[in-house]
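Going line by line, the protein sequences match chains S and V.
Its first residue numbered 405, the first sequence is counted upward by one per residue in the working numbering.
Its first residue numbered 21, the second sequence is counted upward by one per residue in the working numbering.
Be careful, since some hints might not be right.
Unchecked claim - If you want a taste of the chain V side facing chain S, the calculated C-beta under 10 angstroms gives, among others: (1) S28; (2) L174; (3) F175; (4) R178; (5) I232.
What the hints assert, rightly or not - Have a look at the derived ranges for each label pair, beta carbon to beta carbon: (6) L91(V) <-> I830(S): 31 to 41 angstroms; (7) N87(V) <-> K822(S): 50 to 60 angstroms; (8) L674(S) <-> S229(V): 21 to 31 angstroms; (9) V813(S) <-> L91(V): 47 to 57 angstroms.
Worth flagging that the hints you see were computed from the coordinates, not collected in a lab.
Built from N, CA and C at the ideal position, the CB exists for glycine as well.
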Amino acid sequence: MFLFFLTSGLFLGWTLGANDASNVFGSAVGSKMIRFKQAAIIASIFVVLGAVIQGYGGSETLGKLGSVDALGGAFTVALAAGVSVFWMTKLKLPVSTSQAIVGAIIGWNFFTENPTDLNSLTKIVTTWISGPILGGIFAILLFLLLQYILKKSKIHIIKLDGYIKFGLLVVGAFGSYSLGANNIANVVGVFVPSVPNIILDFGFFTLNGMQLLFLAGGLSISLGIITYSQRVMMTVGNSLMKLNAETAIVVVLAHSLVLFVFSSQSLSDLFVRIGLPEIPLVPVSSSQAIVGAILGIGLLKGGKNIQINVIGKIAFGWVVTPIIAGLIAFFALFFMSNVFNLKVSENTSKFIKNDITIRHNNITDTTETKIIDNFDVVSNEVTKVNIYKPLVIIIIVLLLVLILYQLYVINNLKDKDKLEEYQESIERYNIQQKLLENELKITTDANSKLEKEIEDKEIEQKKIALSIIRKNEILSKLKAEIENLKLKPEGKLKFSDLNSLKMLILENLNVEKERKSFNKYIKELDHAFYQNLIKKYPDLTDNEKKLCSLLRLKLTSKEIASILNITPKSVEVNRYRLRKKMNINKSEKLSKIIRNL
Amino acid sequence: MINIFKTSKSVALSIDDFFDKIDLGILNFKKGINSYIKGNSEEFDLNLKTLNFLEKDADSIKRKIENEFYLHSLMPNYASDILNLLESVDDIIDRAKDVINQFDVEKPHLPEEIINDYLELVTLSVKSVENVIPAARIFFTSPDQVKDKIQKVLFYHRETDVLSNNIKRKIFQELETLKLSEKIHLRYFTFHIEQISDASKIVAQKLSSLVIKIKM
């Protein structure tokens, strides 16, 4: 049941981790000096360490402000503070967990009519003012010191970058430790009066109930850092003033020192020993400390870069947060006690219905009373739990599981790698095949197109050749007709005879034109052939070349004679000469050799 | 974590090495042009070869520095400005190499009347570079002192400008025996030598803005 009630505190811890980690590592992560993963691991570890080792001081002061003596009350107070922080963050208003929890405790005091310890309240409010001022002073001193060192040492700026990166990690670790030590009181401080009196023995060390409570709180802050702070770090970054790496390290260190000063019992004791006033151990707002530090640097640099409206917004948040948290706490307590009958205080109050108080006081068989009673009983006796042996066994089992899991992962990865490699090679092969197929298709298409063109041109050539042959035949006919007419006696020549001659001549008119286009076609089609022919037989005359191209078309001597307008016998003679010129044996066929060119 | 220190140390050394190459390169440039003017072709060839090697080396060192910057996200806030600065410094040796190669290829004829002016022009232009390199070096260790060095660079740049104008005026107004093509050729070489001091002025300007940025 205690753990259930603690959830509101853990929620508050989560919001604190999500928001305030950016104060420690925001500038470093935002400017990419440090990777978020690195920052998150360091912050998580050191927050927990700070909370467990040094977290008690602040809780004591909060307890004095208002000792929330019932578990239900602690739950409601923490929840009210958590809701205020979450709500104000959503509204993008600067908010402090410290102020929220103080406001909520005062709300509880009002509700339960508990007197608010004005001394503690003054102490707390004073630190709200002195915290930022101290932050500013620390920042100015550290900045001047750093400037002096840098001026004197003349470090190469690239080397300095390395040192600053390392410094940011160290200072970040210190800042996280201080954050855990100081702000853990905000998270689980209200649960301190109700903590069970238990000691867990881990063999090497023991943790008491209080330390366990702080450990849980620290872990909740770590969870907030890991799960949600990245977004805040990247967006909030340097909203107040643009910080360079050196300034960032100074600001974070000043902020960490402020948190450390207000949470270190040893330092406070040392102050008392040397005669100085005691340092109040109070949870200070981490955001206030950082704002103070940034303002300090800003003032040192002349105050030009400071954005006044952002400061105004922060100041507004400082005033409004405790009021809102107090009001939410008051109404939540009213609701919890009067609707859910939850015991929020050991005392009676005019805001708590009398019958509930009476029932809580008198009726002892209700479950809650039983729990509280049992809790009270437990709280009077220290329960020591030795968890050394179970812890060792758990660690061994966990290690074994981890090793097995790692082996499985490695094996799986290997298989996966092989499979991926295999799939990749198949894919590559497929792509290559597709590419080759495409290329082949393109080439085939181009070839078939060319073949088609050649075929068309050959047909065209043949058509022209045939047309020439036909027209030559007509001319021969015409010649024969004229011969006939010549033989006719004078005066018997008829008009119709002349007309038929005219018709034959008209048909013949286009022969020359067609011959020209035929020659053109031959040249176009046989360009490659001509080139080869010239290369192999450079001494050939134009007429011989023409004869070769006609022979290539598989035309007969008669057809060639008709085209070239010579007798078939002349074609034969030309063929003979050509054979001689080309040094062709009798056994070889001239047309075959020409076609193979 | 040890890696951070190792990387930053190696990058710092590389930057120093890079500046050494530029320094040596510009000295070779000066010597090469002087040798050309004095007609010492062997010496000129040697300087030309050395300058070409140095330019190549500077390029590869610059690339190495760029890789280290990106790989280890060094100085994320100023990385682009610093790399830009190194690029501009590299531009000086690039221009010097181009000019000396042009002398080698085009072999301009320099009349007696302007030889001394040309020697002076080369000296002034080189001096502006000789001052900007220490300024760039000191930026990495004591940015406050950059300002003093930059003043000298600007002075030599101005002087180079004035002399270059005088030479051009002399070429076009006094040397009447030269053909127009020869005049244009000489103007072209004057302009290119002058450009080396322009490149160092660009580096100086980048340095001043970087100092302001880093001090903010």
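Hints that the structure is at odds with (numbers, increasing):
2, 3, 4, 5, 7, 8, 9
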